[in-house]
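A.B. asks: Here are the chains, one letter per residue:
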Amino acid sequence: MNLTIGDRSKYRGRVMREHFGISTTGEQYIIALAGNPNVGKSTVFNALTGLRQHTGNWPGKTVDNAQGIYSYRKKSFLLVDLPGTYSLLANSVEEEIARDFICFGKPNATIVVVDATSLERNLNLAFQIMEITDKVVICVNLIDEARKKKIKIQFDELEKKLGVPVIPTAARNGEGLEELQKAVYEIVLEKRLTQPKQIAYSQEVEEAISVLMPQIKPLNIAAEVINPKWLALRLLDSDSSFIESINRFVNMYKNIK
Amino acid sequence: MTSLSMPLSSLKLGEKSNVVYLDVKGLLRRRILDLGIVPGTVLTCVGKAPTGDPIAYLVRGTVIALRSEDASLIFVKQS
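Line by line, the protein sequences are chains A and B.
Taking the numbering used here, the leading residue of the first sequence gets 1, the next gets one more, and so forth.
Taking the numbering used here, the leading residue of the second sequence gets 1001, the next gets one more, and so forth.
Pulled out of the complex, with its shape left as it was, chain B reads as follows (with noise of 0.2 Å):
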């Protein structure tokens, strides 16, 4: 499955995808998952800054904006 995962980071404009895993630990993991981001969860692309950084998701009915260097580190799988 893993080879099937991308970072999250690449996900276009508009795309869906699916979280895989989380190549992330200690304070970041934690507020990742705090912020409903856990195996299974639909996050979608809504929003890229011009300069690519930060990135805006929709998670569990909120858009939160994250760094790229962070949304890299979460692996999905394309939906």
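Looking at chain A on its own, in the form it has when it is part of the complex (with noise of 0.2 Å):
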């Protein structure tokens, strides 16, 4: 089954709907807000949307959902607050919404914002992310925090190593919004690309998904919605709530015709 262009937007309008409460008006960008719990990803979420926003659950959960828009250089942007994790992985309900946003609703773009006084554990998330998708900004928030705790970050270095826009902020002054939103308008219009950095598993590994990524491909489907790599290591995980939600979305995306 190969999918036109149209097929693909019909998809994904339908699929934010129906599974994720999610409606845009005409030509909206949808940008999802990755991160840690308390990394500051909320004051992101308000300083930039403002009172233009609304709460409510995902539907048939009970996690609170956030939404709000804003507008830079007359485009509009729906920004929706993922709940915070520590990773896509683990089978809470938290982390099962953020993976299936990112995977299953493809956001235009996906903001990952990370504490700037503990990065090292921050990158984790990151990096399954940019597993999944290639549109992510890095936004490193409390630089404020780090400043005052003598910590020193080299952007430009860590942009360089990551591949992907990394915009330091500190939210809660307004600092380093504009450039956040600069960086997020340059990847959904694609007049900036990246390369997001690929953690290289054990030569094990390797073998295996080299082994299984030729049969997942064919399966277009599959190639066309999920990261095929992403889905062949989830395979290899046995990762049983993941190949639920694929049956689930895949059936979506069948039943669009």
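Errors might be hidden in some of the hints.
Stated by the list, open to error - Straight-line alpha carbon distances no greater than 35 Å define the calculated DSBU-like cross-link-like pairs of lysine-lysine that follow:
| no. | chain 1 | residue 1 | chain 2 | residue 2 |
| --- | --- | --- | --- | --- |
| 1 | A | Lys-149 | B | Lys-1012 |
| 2 | A | Lys-191 | B | Lys-1025 |
| 3 | A | Lys-61 | B | Lys-1012 |
| 4 | B | Lys-1016 | A | Lys-160 |
| 5 | B | Lys-1077 | B | Lys-1016 |
| 6 | A | Lys-191 | A | Lys-152 |
| 7 | A | Lys-217 | B | Lys-1012 |
| 8 | A | Lys-152 | B | Lys-1016 |
| 9 | A | Lys-229 | B | Lys-1025 |
| 10 | B | Lys-1012 | A | Lys-152 |
| 11 | A | Lys-149 | B | Lys-1077 |
| 12 | A | Lys-161 | A | Lys-150 |
| 13 | B | Lys-1025 | A | Lys-197 |
| 14 | B | Lys-1016 | A | Lys-61 |
| 15 | B | Lys-1016 | A | Lys-148 |
| 16 | B | Lys-1048 | A | Lys-148 |
| 17 | A | Lys-61 | A | Lys-182 |
| 18 | A | Lys-148 | A | Lys-197 |
| 19 | B | Lys-1025 | A | Lys-161 |
As the list claims (entries may be wrong) - Residues from chain A that face chain B, not an exhaustive set, calculated with beta carbons under 10 Å:
| no. | residue |
| --- | --- |
| 20 | Thr-85 |
| 21 | Ser-87 |
| 22 | Asn-91 |
| 23 | Ser-92 |
| 24 | Glu-95 |
| 25 | Asp-115 |
| 26 | Thr-117 |
| 27 | Ser-118 |
| 28 | Leu-119 |
| 29 | Glu-120 |
| 30 | Arg-121 |
| 31 | Asn-124 |
| 32 | Leu-125 |
| 33 | Ile-151 |
| 34 | Leu-177 |
Please keep in mind that the hints were generated in silico from the structure rather than gathered at the bench.
A quick note: this is a predicted structure, and the numbers were derived from the prediction, not measured.
Each residue gets a CB set at the ideal place from its N, CA and C atoms; glycine is no exception.
Reassemble the complex: the two chains are provided individually, in unrelated frames, and hints are given to aid placement.
C.D. replies: Here it is in structure tokens:
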């Protein structure tokens, strides 16, 4: 089954509405906001969207959901605040929601908010997200805290090494927010291409991936919707929660025509 | 190597250790891994509540708190 561009946007629109409870108006770019708990994600969210937001629950779940709108250079962006998670791999409801939204909702870009005073641990989630999508902007928040603790970060180096835009911010006093919006704009409109650094696994795992990939790619649906390497890794993990999600979304996809 | 390891919970205040293995499965294992605690990681005990629970550890530049029950499932070698 080959997809046209029309199919793809029909799919996304439908998945967004039915499964994630998100409706967009006209040409609106959907931006996911991900990050560990306590990194100031909500501060970033509130600073960007102000009063143009509404909160509720994710459909069918008791987890909070916040969506808000901001404009930048005459384009409209719908920011979706994902639950704070340490990774996308565990089976808690929050991680499922974040993972499903990024994998199947296919937002136009994902901002990963990380804590400048705790970079190493925070990058765990960033690397996972970078395995799923290349439309990533890393927002290094709490740089005011880092300054107080005399932590110095080489942002240019970090950006070079990660292969995606790295934007320092102190959301609570508005620092860096304009640059963040600019980076998101450039990624979404493909004025800037990224090459997210991929984690190399052990030889065993890399070999197993190379065996699986050629078998996954011909399954057009999977390849179009889910990053094939990510899918291979989750199959190797026997990630049953993810496999359930795949079935759900692929069926939705099949029923579009 | 297992004979030289001890549960993290018995590490004393100020002592440093290296993680040897995690004797835990499921969601808790995933949580511990996500906090950056994997074999080889350096863990330092930096605080103990008066009751002995929870315990604060320095790991990869951040301080985290673990229940002593959970810390007893992480096996380390003192460094």
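A.B. asks: If a hint holds in the structure, say so; if it does not, say that too.
C.D. replies: Going down the list of hints, with the structure as the test:
1. A/Lys-149 / B/Lys-1012: holds (26 Å)
2. A/Lys-191 / B/Lys-1025: Roughly 45 Å separates the two Cα atoms, so the pair is violated.
3. A/Lys-61 / B/Lys-1012: It is violated: about 42 Å lies between the C-alpha atoms, which goes past 35 Å.
4. B/Lys-1016 / A/Lys-160: Roughly 33 Å separates the two Cα atoms, so the pair holds.
5. B/Lys-1077 / B/Lys-1016: The given pair, whose Cα atoms are some 9 Å apart, holds under the 35 Å limit.
6. A/Lys-191 / A/Lys-152: Within the cut-off at roughly 30 Å; holds.
7. A/Lys-217 / B/Lys-1012: violated (52 Å)
8. A/Lys-152 / B/Lys-1016: The given pair, whose Cα atoms are some 25 Å apart, holds under the 35 Å limit.
9. A/Lys-229 / B/Lys-1025: holds (25 Å)
10. B/Lys-1012 / A/Lys-152: At roughly 31 Å apart (the allowed maximum being 35 Å), A/Lys-152 and B/Lys-1012 satisfy the hint.
11. A/Lys-149 / B/Lys-1077: Status holds; Cα separation ~30 Å.
12. A/Lys-161 / A/Lys-150: holds (22 Å)
13. B/Lys-1025 / A/Lys-197: holds (29 Å)
14. B/Lys-1016 / A/Lys-61: violated (42 Å)
15. B/Lys-1016 / A/Lys-148: holds (26 Å)
16. B/Lys-1048 / A/Lys-148: Roughly 26 Å separates the two Cα atoms, so the pair holds.
17. A/Lys-61 / A/Lys-182: holds (33 Å)
18. A/Lys-148 / A/Lys-197: holds (30 Å)
19. B/Lys-1025 / A/Lys-161: holds (33 Å)
20. Thr-85: Hint holds; A/Thr-85 Cβ to chain B Cβ min 9 Å, cut 10 Å.
21. Ser-87: Status holds, d = 5 Å.
22. Asn-91: holds (6 Å)
23. Ser-92: Holds, about 7 Å.
24. Glu-95: holds (9 Å)
25. Asp-115: Check passed: Cβ of A/Asp-115 comes within 9 Å of chain B, closer than 10 Å.
26. Thr-117: Interface hint status for A/Thr-117: holds (8 Å vs cutoff 10 Å).
27. Ser-118: Constraint on A/Ser-118 satisfied, holds at 4 Å.
28. Leu-119: holds (8 Å)
29. Glu-120: holds (4 Å)
30. Arg-121: holds (5 Å)
31. Asn-124: Status holds, d = 6 Å.
32. Leu-125: Since the shortest Cβ distance to chain B is 8 Å, the answer is holds.
33. Ile-151: holds (9 Å)
34. Leu-177: Violated. Min distance 25 Å.
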